[in-house]
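Colleague: Listed below, chain by chain, are the residues.
Protein chains: 2
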Amino acid sequence: MTKPAVILLSGGLDSATVLAIAQDQGYEPYALTFAYGQRHAVEIEAARAIAAAAKVARHVVLPVDLRVFGGSALTADIAVPKGRSEAEMAGDIPITYVPARNTIFLSFALAWAEVLGARDIFLGVNALDYSGYPDCRPDYVAAFQAMANLATKAAVEAPDNDRPYLRIQTPLLELSKAQIIAKGLALGVDYGRTRSCYDPTPEGMACGTCDSCQLRRKGFAGNNMADPAPYR
Amino acid sequence: MTKPAVILLSGGLDSATVLAIAQDQGYEPYALTFAYGQRHAVEIEAARAIAAAAKVARHVVLPVDLRVFGGSALTADIAVPKGRSEAEMAGDIPITYVPARNTIFLSFALAWAEVLGARDIFLGVNALDYSGYPDCRPDYVAAFQAMANLATKAAVEAPDNDRPYLRIQTPLLELSKAQIIAKGLALGVDYGRTRSCYDPTPEGMACGTCDSCQLRRKGFAGNNMADPAPYR
Numbered sequence: 001m002t003k004p005a006v007i008l009l010s011g012g013l014d015s016a017t018v019l020a021i022a023q024d025q026g027y028e029p030y031a032l033t034f035a036y037g038q039r040h041a042v043e044i045e046a047a048r049a050i051a052a053a054a055k056v057a058r059h060v061v062l063p064v065d066l067r068v069f070g071g072s073a074l075t076a077d078i079a080v081p082k083g084r085s086e087a088e089m090a091g092d093i094p095i096t097y098v099p100a101r102n103t104i105f106l107s108f109a110l111a112w113a114e115v116l117g118a119r120d121i122f123l124g125v126n127a128l129d130y131s132g133y134p135d136c137r138p139d140y141v142a143a144f145q146a147m148a149n150l151a152t153k154a155a156v157e158a159p160d161n162d163r164p165y166l167r168i169q170t171p172l173l174e175l176s177k178a179q180i181i182a183k184g185l186a187l188g189v190d191y192g193r194t195r196s197c198y199d200p201t202p203e204g205m206a207c208g209t210c211d212s213c214q215l216r217r218k219g220f221a222g223n224n225m226a227d228p229a230p231y232r
Numbered sequence: 001m002t003k004p005a006v007i008l009l010s011g012g013l014d015s016a017t018v019l020a021i022a023q024d025q026g027y028e029p030y031a032l033t034f035a036y037g038q039r040h041a042v043e044i045e046a047a048r049a050i051a052a053a054a055k056v057a058r059h060v061v062l063p064v065d066l067r068v069f070g071g072s073a074l075t076a077d078i079a080v081p082k083g084r085s086e087a088e089m090a091g092d093i094p095i096t097y098v099p100a101r102n103t104i105f106l107s108f109a110l111a112w113a114e115v116l117g118a119r120d121i122f123l124g125v126n127a128l129d130y131s132g133y134p135d136c137r138p139d140y141v142a143a144f145q146a147m148a149n150l151a152t153k154a155a156v157e158a159p160d161n162d163r164p165y166l167r168i169q170t171p172l173l174e175l176s177k178a179q180i181i182a183k184g185l186a187l188g189v190d191y192g193r194t195r196s197c198y199d200p201t202p203e204g205m206a207c208g209t210c211d212s213c214q215l216r217r218k219g220f221a222g223n224n225m226a227d228p229a230p231y232r
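Chains as they are written, first to last, in my numbering: chain A, 1 to 232; chain B, 1 to 232.
Since the hints were made in silico from the structure, they are not lab data.
Here the structure is a predicted model, which is why all the values come from computation and not from measurement.
Misleading hints may appear alongside valid ones.
Unchecked claim - Each computed DSS-like pair below joins lysine-lysine, with the alpha-carbon atoms no more than 25 Å apart: (1) A:Lys82 with A:Lys183; (2) A:Lys218 with A:Lys3; (3) A:Lys82 with B:Lys218; (4) B:Lys82 with B:Lys218; (5) A:Lys82 with A:Lys3; (6) A:Lys153 with B:Lys82.
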């Protein structure tokens, strides 16, 4: 019997790796991507290509307009920072932070999980290279899982057992970008299909200097290989 | 100095009362309504009328399609139960339950609160007449608040103080429907503008026999008055 799981799939490197990990663990993946008004909408096309290549059970691209509230360089007309040092990235929460984004995404995943009878939601956050976002930290993920187990009919009506009814699985949480890439390569992920840049050209060429590009390039360098995705 | 607050405003009796309570407490209300594919879309027009009458700072009606996942009589082509007894209503979680609905709604409210610098989100749930929804219970609300205080830049960067940075305020939690109506009447709420029916006519006339209509009628009866909203 297959185990369904909802996989949050952004089209980036991390979530593509998470999808491969979930499949390797025997889960039947239901991939969920958001069209949330992001400047880097080439991510969505990347998500479609990744989902198709992985032969997921279903891929939903859900329009959710986060621009209406404003407040982020990823959804509003604010410049994406470029060429920041590692010290700068490790400092304040950056302007590319989208308010409550992972909370909104996980909430939709929770709704779909309930309808599917899925007990696992996979999220590609990692705490080491997390670029300062509060909703990528382990204590945040644990708090979301605790809330989720009180939120749904399925969890509330489930018989007691030896694990939480719903689990937010974050297999990349303790990995560096280089370790994530190494794991994905071992599972056959084609990183040429993934896109990470916060400020790509309309054709999907990466800028190479935003925080996300810098972390990604460092990760490939750590594996002694060139990033197969295109740069301008 | 005004205190902004996000008010989840469905167009129903409860959330109209919560809006009046928040204003009475001195909050500047930012009202948030979802067009989520509900069968009872006359609620949305009711929300617009209530927000306009209350002169809210801003009213956002956000399209969020929950139909894509299915699973509820409120969003899918499933019959709404009619004429259930109180014992039946108090039993299982009903088919009108929408998976993870309050979690999704609160997540968007959290995003808006962060952009506004608001520290309060008002939600019109109540535990006594809650018709069996898991995401209307006090322990659920407390868990959401705990998660929210780990989720956002504003909460994480806030200095320690004597209250949680973000509060999910549920002033109706311990009230019966009759008590809610009594409170709203004292604050001048015009309940003729509100709509509660799960299965209204296209013109907005209530059915009178779904769970929501029955609870509402009982609440007005408890105040020795007729419901000013229209029934078919």
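Colleague: Taking only the CA atoms, is the gap from A:Lys218 to A:Lys3 under or equal to 25 Å?
Modeller: violated, 35 Å
Colleague: Within a Cα-Cα threshold of 25 Å, do A:Lys82 and A:Lys183 meet the stated pairing?
Modeller: Judged against 25 Å, a Cα distance of about 28 Å means the pair is violated.
Colleague: For a C-alpha distance cap of 25 Å, please report whether A:Lys153 and B:Lys82 respect it.
Modeller: Given pair A:Lys153, B:Lys82 holds - Cα atoms ~21 Å apart, limit 25 Å.
Colleague: Would you mind confirming whether the straight-line C-alpha gap from B:Lys82 to B:Lys218 stays at or under 25 Å?
Modeller: holds, 15 Å
Colleague: For A:Lys82 and B:Lys218, compute the direct alpha-carbon distance and say whether it is at most 25 Å.
Modeller: It is violated: about 61 Å lies between the C-alpha atoms, which goes past 25 Å.
Colleague: Taking only the CA atoms, is the gap from A:Lys82 to A:Lys3 under or equal to 25 Å?
Modeller: Between A:Lys82 and A:Lys3 the Cα gap is close to 42 Å, so the pair fails against 25 Å, i.e. violated.
In this structure, the earlier hints numbered 1, 2, 3, 5 are contradicted, and the remaining ones agree with it.
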